[in-house]
Amino acid sequence: MLEINNLHVKLEEEDKQILKGVTLTVPAGEVHAIMGPNGSGKSTLSYVLSGRDGYEVTEGSATLEGEDLLDLETEERAAAGLFLAFQYPVEIPGVGNMTFMRTAVNAQRKARGQEELSATDFLKEIRAKAKDLKIDAEMLKRPVNVGFSGGEKKRNEILQMAMLEPKMCILDETDSGLDVDAMKLVSDGVNALRDDNRAFLVITHYQRLLDHIVPDVVHIMANGRIIKSGGPELALEVEKNGYADLKQETA
Amino acid sequence: MSALKQRKMDALDARLAGLTAPEGGVWITEARAAARKRLEAMGLPGPRDEYWRFTRPDTLNAVEAPVAAVLDHGDETPVFGEVDRLKIVFVDGVFVAEESDDLTLEGVEVERLAVAASADIHWAKDIYGEIEALGQTPVDRPHAALNTAFATDGVLIRVNGKPSKPISIIYRHESETSDAYLHHVVKLEEGAELTLLENGPAAARFNKVVEVDIADRARFHHVRAQGRDHERRAVTGLFVRQGAESLFKSFTLTANGRLTRNEAYIEMQGDNASAHIAGAALGHGDFHHDDTVFIKHDAENCESRQVFKKVLQKGATGAFQGKILVERGAQKTDGYQKSQSLLLDDDAVFLAKPELEIYADDVACSHGSTSGAIDEDMMFYLRARGIDKETAMDLLVLAFVAEAMLEIEDEGYAEEITGRLEAWLHRRRQG
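Top to bottom, those sequences are chains H and S. Per the UniProt record's numbering, the first sequence starts with residue 1, numbered consecutively. Per the UniProt record's numbering, the second sequence starts with residue 1, numbered consecutively.
Incorrect hints may appear among the rest.
Taking beta-carbon pairs under 8 Å as the criterion, some of the chain H residues facing chain S (in silico) [what the hints assert, rightly or not]: (1) K10; (2) S50; (3) D53; (4) T74; (5) A78; (6) L84; (7) F86; (8) V90; (9) P93; (10) A111; (11) Q160; (12) A162.
Not close to chain S: a few residues of chain H, all C-beta gaps over 10 Å, as computed [said to hold, decoys possible]: (13) E13; (14) G29; (15) I92; (16) E125; (17) K131; (18) L140; (19) S149; (20) S176; (21) V214.
If you're looking for bench data, these hints aren't it; they were derived computationally from the structure. Just so you know, these numbers come straight off a predicted model, no measurement behind them. All C-beta atoms, glycine included, are put in the ideal place defined by N, C-alpha and C.
Extracted from the complex, chain H is given alone in its bound form (with noise of 0.2 Å):
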């Protein structure tokens, strides 16, 4: 599904490179995990892929099933399938969420040849949808993600996920400013959405995450690279031990 090849990417600002080499391939069907120390290139990894201005891709590629992502506008990538569930999702005052919502999943639509949604079917879809998650009628109405608490906040992310139905979604430490029944309710949102056809990079601080959504493979990552991957049973040692081990064993 996903295909990161020696992936080397520097901010545009400052001569700064960020990712040294990131090489990662993410199977339909499977959810990875990515964990790692603060400032590792987690986050950036997140942003290029979705291709968030102010990053130059200096070497290396990126592709979702074969199409290149890093020749596509966000807005293609997207229509193409990749998802990011955001760390910080951002407050819009004046675009009501709803509005929000079926632009988007007409714009995916269109994007990809498909006819729009029809008002009905969408607000039946999105009713449904949101009540597995737990969000009201008044959080749809409400402008996007203003006046939203954290676990509001990531559950809307999860709600657009849902509406989208994307094929490969990358979620950028979704657990942060999670309570534990939030995470749990979080969480069943994502494993509701696992799938044969569908894959999954969580990036996580914390191995807690992975309790709830279980990783086939867990990938740490440091400096830029990816140093170290395995089965789940990988991130019960980072929790156990912390990073410095590992950096030491790969250095």
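Please build the complex by placing chain S on the supplied structure of chain H, with the hints as guidance.
Below, chain S without anything else, positioned relative to chain H:
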């Protein structure tokens, strides 16, 4: 006389020489003469006037109206087209009976100024030119005085009850050289309610005054869309006097227009009154839009809000001059003023002069003025959800003006205005 003053007087002399004094009025004659006297003391504004620092008055002063091409609207349905309303149509400032409805509506007296002016006595005598004259202190508004002295038509509306539908004044611009003056007077008796809709570009050059007298507990709603004829020039004056517990709410949409100067003067004379005035202006290229608002709090416990939003690009200029004056004794005043611009490129200009002048000690007044670009984080978030750049931009522009739109109380009219905004954004995209 100073050289500056002399120049203003010369400009006025030239203008007056090109105008014919209206004939045939009876009760109105005195008001016209008084206005002319006011005007002759003021002269026409010059570029060095403090009140005209942001906007050049020369094309508004000129003897001849500058030529303005007429826009072909194609098969576009004009705004408020679906609304059940009493229609009054003016083309290039001239009343068109065939396109207007009968001027009858339960709870309201509606007349044309041109007809009513020759009556011996008329209720409008206590208002015509009177509220405009109030608004001449502390700053001169010569174009309004000129209007009072020379306008020969307009609509006089006296509301006694709560009419079942709004009164809708529709303007059309069909002559490239038309120079139109219209003067409307609205009087709301105690407890009465009215919605006034205005739309369309009126003329190559348009000078309009609306005087609104709102008695105690009366409510007045005003929604206007100024039309998108780009070449036209307009100077408008809204003069309002409010009684106790009365409500005044006005919203203006301006999309396009080489020159628009919208002045408003609102005087709150009765306690517990509320005045809201808002506007959204969108322009690109050779576009100049000026909102100049003066709100005088002269009673206790009144509330006022000013919310103005401008979306500018490709050389467009937006100006805002807003003042809240709180007189001695106007305790518990709540005054709010916000003017913001969204600059869509580096080639747009926003000029703002917010002012507060307060002589009472127990008041809450605030003002804020900002200029900014499209927020990159919001843009990325929308695009990351698959929304293309243009659509995302439209969403963010609509979001930017949303706060001004909230000042339209009726959802139906708000939707009409939103429809206009969307159409404008769509057209802008087509080039």
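> Checking against the hints above, which ones are violated?
Replying inline: 1, 12, 15
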